[in-house]
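Visitor: One-letter residues, chain by chain:
2 protein chains.
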Amino acid sequence: DESSIDSLDYEVIENYAYRKEQAQRGKLYVGYYVMVKWFFALLIGIGTGLAAVFINLSVENFAGWKFALTFAIIQKSYVAGFLVYVLINLVLVFSSVYIVTQFAPAAAGSGIPEIKGYLNGVDMPGILLFRTLIGKIFGSIGSVGGGLALGKEGPLVHTGACIASLLGQGGSSKYHLRSRWLQIFHSDRDRRDLVTCGCAAGVSAAFRAPVGGVLFALEEVTSWWKSQLMWRVFFTSAIVAVVVRTAMGWCKSGKCGHFGSGGFIIWDISDGQEDYSFEEFLPMAVIGVIGGLLGALFNQLTFYIAYWRRNYLHKNGNRVKIIEACLISLITSIISFGLPLLRNCSPCPEANSDSGIECPRPPGMYGNYVNFYCSKDKEYNDLATIFFNTQDDAIRNLFSAKTIHEYSAQSLLTFLVMFYSLAVVTFGTAVPAGQFVPGIMIGSTYGRLVGMFVVKVYKKLNIEEGTYALLGAASFLGGSMRMTVSLCVIMVEITNNLKLLPLIMLVLLISKAVGDAFNEGLYEEQARLRSIPLLESRPKYQMRKMTAKEASGKRVISFPRVVKVADVVSILRSNNHNGFPVIDHARNGETLVIGLMLRSHLLVLLQSKVDFQHSPLPCDPKGSRSIRHTISEFVKPASSKGLSIHDIRLSSDDLEMYIDLALFLNPSPYIVPEDMSLTKVYNLFRQLGLRHIFVVPRPSRVIGLITRKDLLIEE
Amino acid sequence: DESSIDSLDYEVIENYAYRKEQAQRGKLYVGYYVMVKWFFALLIGIGTGLAAVFINLSVENFAGWKFALTFAIIQKSYVAGFLVYVLINLVLVFSSVYIVTQFAPAAAGSGIPEIKGYLNGVDMPGILLFRTLIGKIFGSIGSVGGGLALGKEGPLVHTGACIASLLGQGGSSKYHLRSRWLQIFHSDRDRRDLVTCGCAAGVSAAFRAPVGGVLFALEEVTSWWKSQLMWRVFFTSAIVAVVVRTAMGWCKSGKCGHFGSGGFIIWDISDGQEDYSFEEFLPMAVIGVIGGLLGALFNQLTFYIAYWRRNYLHKNGNRVKIIEACLISLITSIISFGLPLLRNCSPCPEANSDSGIECPRPPGMYGNYVNFYCSKDKEYNDLATIFFNTQDDAIRNLFSAKTIHEYSAQSLLTFLVMFYSLAVVTFGTAVPAGQFVPGIMIGSTYGRLVGMFVVKVYKKLNIEEGTYALLGAASFLGGSMRMTVSLCVIMVEITNNLKLLPLIMLVLLISKAVGDAFNEGLYEEQARLRSIPLLESRPKYQMRKMTAKEASGKRVISFPRVVKVADVVSILRSNNHNGFPVIDHARNGETLVIGLMLRSHLLVLLQSKVDFQHSPLPCDPKGSRSIRHTISEFVKPASSKGLSIHDIRLSSDDLEMYIDLALFLNPSPYIVPEDMSLTKVYNLFRQLGLRHIFVVPRPSRVIGLITRKDLLIEE
Ligand SMILES: Nc1ncnc2c1ncn2[C@@H]1O[C@H](COP(=O)(O)OP(=O)(O)OP(=O)(O)O)[C@@H](O)[C@H]1O
Ligand SMILES: Nc1ncnc2c1ncn2[C@@H]1O[C@H](COP(=O)(O)OP(=O)(O)OP(=O)(O)O)[C@@H](O)[C@H]1O
Ligand SMILES: [Mg+2]
Ligand SMILES: [Mg+2]
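Here the protein sequences line up with chains A and B, keeping their order. Counting in our numbering, the first sequence runs from 393 upward without gaps. Counting in our numbering, the second sequence runs from 393 upward without gaps.
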């Protein structure tokens, strides 16, 4: 399984074909190229923005309509209402898991670990396909609309990345949506940059948090970062924000049903607490610690369960996956409907004209104080307010200010335990699933719980429970995903309360530190589970004591410059390596490493056959023979594994011929001397995004020395 | 001049001393090291926060007291008021320029280009000294308090960097403030990370914008970036925010005079415009274009003037610098006092109880509608409102909502032209000077001007002129400094209006694009002027066609492994190079490059003499002879150029002895084959932060191959 994962090539292969193309294309082409990049950034922004609007619109309408219907029916019969509620959820979840299992298996889960892997240099065919995109969009409508304990944010990131990748390869060839005109990005490097834009666009669209999106892409998903890229990512994010905003403005007058009722800021608490005092630092630290602990626990539990699912349960085929998802949907429906039933209603607080919050909530509206299975009119069910509600509304209610004492500690605790368990169990089912919103739900519940105690203890202060709910949400996300700056900005952008920024920062720092003491972040854990070989930015400690030679593969398989076709075939069959040194014999009998030949390029040569020659002598590179290939022939499709040696059919005549590799190899791969410490090799490999490094003997002489001054060339 | 600039060494020199130290110190030491780094991050945060509070407190009190006094006096006599005003400004500016010229020449200017150079790998002794820190703090109090057209933000970044660097080297040796206990950071790399924290702390303190600070450090000043560093920078920023907030809370009750009257958010416009419509995109684009043009013009003009100053005016000594600064102070005072005098007063608008803004401003208060040289009581002078005011208040007035028609187009234009000219002329004088606040002043003036027209044309919409002032400010900064994400976040954090985020993003994108069409960003221009050889992140276009060999220095000066002391001295005298290959002769007569010797290390060896030996034979590295040096002896002081060959005194006996360099060299510098394209070499050099790269012949064989799998070592 692991050997099937290949790496991406972020290096520019400077072979003759490339050099020729470079020579033909002047500065103008560079300008054109840059323009296309920006144009694509624009398209990614628009595409992801529209996809997000579509998903949100569908989810909010499905969910809104579901709750409206259920509420209408329970006026007459709770049993009928319950059945309808369960059924709708079941249908939605079933459609989601059906789409995913039958049509787009790569659309399951959040997709962020895979994208992270892709941007770290790991190639996993399938994650960026057109069908994955479709599966992701419709699957997440079903799973989120169906009321499972998961969110749509992760899937939106994946959606953005898919859109970006499809644009980058000029459409989907399988579905005949391909346009030659768009195919100008030939290297993994350019695709990587587009996918980075796509990730940012996804977060930007999901949370309507453009700066948060940029930072998320930079801090959490990408492994390489350039300031030019930052600017383009920023542009994409801004476009997404404008698109989503425009769509919401257009929907304002009720044209889109339930969509967009919450305003552009998802959970606006700008009218909440503005100030904090020193006494509050203690409960905040407590929240940070709880967040770290619960977050780390969440990572651990989901890791175990996902491990078990992967290795045992899901081995039994798609039917099991479907049954599992439906079962979880059933359980979720029963709990979210049943538990509020068992809870006694509380009397409404005295009407407060200041806050403008009605109790109980008028039918057909959103907000606090849900009347559910209450005997009297002026009562509300606090558990139903958060449990029997869409997630967005539940979070809004938990964050809400001026609703002190709305929830009882018992309800919050019940909800916390039940929802935490549901989130853990739901994670890893075969539906598109994000962990942001469930994390916010869990975090804000215990945050509000702590807030209740703070309000009780520090009576005199102007404290809002909602503030603590926000801090709790930040702490849980920090403890689980271990992001810092991006999470902080996202939290501020979704709540529109800048004044709490220093608090959010401190809580995040604490929860991340606590979480890091136990395990890795959620995405890293999940990447490990899926055996995505991520390279961290920091070299491991024991690398200091190892040398490059010790780490490298020992018996190097290499090619001579002019090689018999039969030999090529047999060598390529004998191993799975993707890169081979090419060794030339100089006239005086000495050998010389002249470059690196990629398996994929060799396969292209074998398939096209035009470069076969009868003579075993090298041809003159500058001679009459022109280069018969353009760069684009060598481009590996992003959506598949590309050619395999087993696809190649050669006649026995062909096998007797020769190829001169000199024209097609990468003449200058990066090299390191054999006794360089592995730390340094690691830095080279990781920071430059390489795929192969040659370990060579110490050189015999130094031809020249390059310092800063040599690189200060004026344009 | 240029040859005197050396580079920093971000590479770990893995010589024997280092390896021994590593072997002795286990994982525990790594933990200790990390802890100290965090502790230092904390100290940097506290230090910079306190410095910022001190500067702000002093500036606001000086300025506040100055205007209060002047206003008190002009009740009786305008002439006397004018004289007092001029005099106070003159004294403050004089003290600033005196401190800078006599005591801390490196404290002049904003310091950001220098810090940027430092973090790019350019060593400039003097910029991070203790005396620079002191000069910067007191100098900027004088220059900003003295009413010059400059800000205190750039200097605060420099202040933060100085604090960080001083901590990193364990204090200042010159002033006996050094503590051995703190001296555990021996490499330029660790110091670089601390300085990055310091920069973020500076911005965070200047604008009370913690996230903006982090992003500023990442986007604008650092050249390398790791996610671990991001987290530490984030922590520092959070600490700064808490420190500043605490200080402001403590000052709230008026204990600190005029300080902190504005609240934590400097220019809060959260009650301003919340929504925007499509029609507004056109004026916004116009503002973006104006910003790009004026910003690029600003860069160009300041470049020319600074060039002239540097090469002609300031060559004449300190007295000229002092006279120049005082003259500019005089002109500034005359213009800011005189122009409002010439302006007719306008009648106050009808009282609006909603906005709570009084007209005219009551004496001794801050706010809009300044009554200055008006004949009637119910009148105000719109030019004085922005010109005869502290910069913070002027900006607040320009940004203010609910004050439509406060300013006449004529006044805004007058102010724009005058202030722009003053800012251009003031830039480059020998006082600490930031360009953020002047940029905001200029930008918000033309922004408000555009806003006035918009309000006039689109009558029906709910448009605030203040919103356009904000966009104008963003556009000018974007057009001049060419930052994107960080500027955007800073603008949001200083105004607390998240809803305008997408607009700010678009305006910034436009103004940066327009500005980039003309010249480089302000800091890059200034770095070029000071001949700081910055390496951009992107390789130059023509590097694609060059090879490493073509770029490198041709005749390499190298050392044999065992070298005569006299030869060392003569070679070191004969050139200025800082790194030398060391070549060993194997027994079979072949040569072997065994490493890179740094000039600074050689000088340490020459000075200490303990490693001299009589025999010209190499000693056994694993033999009895122990290493007589600890790493710390090789550490170059951050604050000076270090040893020079001319400081070394050797007897003739010493000169006849030998040194075996094998123990002291860096055994594995990065190497590139001679025909690698310069683009790739550039990427290697730039991304890894190197100082020397060896260009070597093509290797004769490949010992091993390193791929991703070889680097996936579990801890
Ligand atoms: N040409 C080669 N000759 C000998 N060993 C090799 C060669 N290429 C790779 N190896 C070694 O084989 C092991 C597996 O590497 P693998 O074959 O998967 O590399 P690859 O397929 O070329 O690159 P990747 O899998 O990252 O795309 C590694 O330890 C590597 O050092
Ligand atoms: N040992 C050397 N032998 C020959 N040429 C060298 C040597 N070191 C540097 N050069 C060349 O001399 C020129 C000036 O480099 P310089 O001497 O300033 O490098 P340096 O001082 O070692 O590094 P830096 O100035 O970046 O600290 C460059 O073109 C470089 O290639
Ligand atoms: Mg492989
Ligand atoms: Mg030099």
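Simulated from the structure, these hints should not be mistaken for lab results. Only a predicted model underlies this, so the values are computations on that prediction, with no experimental measurement involved. Be aware that a few hints might be false.
What the hints assert, rightly or not - Okay, the calculated bits of chain B under chain A, using three or more residues with CB under 8 Å as the criterion: (1) 613 to 624; (2) 629 to 636.
As the list claims (entries may be wrong) - Counterexamples of contact, computed for chain B against chain A with all Cβ distances above 12 Å: (3) 562; (4) 739; (5) 1102.
In this text, a Cβ means the ideal position worked out from N, Cα and C, and glycines have one as well.
Visitor: Verify the coverage statement for the region 613 to 624 of chain B against chain A, using a C-beta to C-beta distance below 8 Å and requiring 3 or more qualifying residues.
Guide: Held - the region 613 to 624 of chain B has 6 residues with a Cβ nearer than 8 Å to chain A, which meets the minimum of three.
Visitor: Quick one: work out the minimum CB distance from residue 739/B to chain A and report holds if it exceeds 12 Å, violated otherwise.
Guide: holds (36 Å)
Visitor: A cut-off of 12 Å on Cβ-Cβ distance, and residue 562/B was said to be off the interface with chain A. Does that hold?
Guide: holds (25 Å)
Visitor: In terms of beta carbon proximity below 8 Å, does the region 629 to 636 of chain B have 3 or more residues touching chain A?
Guide: holds (count 4)
Visitor: Taking 12 Å as the cut and beta carbons as the points, is residue 1102/B off the interface with chain A?
Guide: Incorrect as stated: the minimum Cβ-Cβ distance to chain A is 5 Å, not above 12 Å.
Violated hint for the displayed structure: number 5, the only one.
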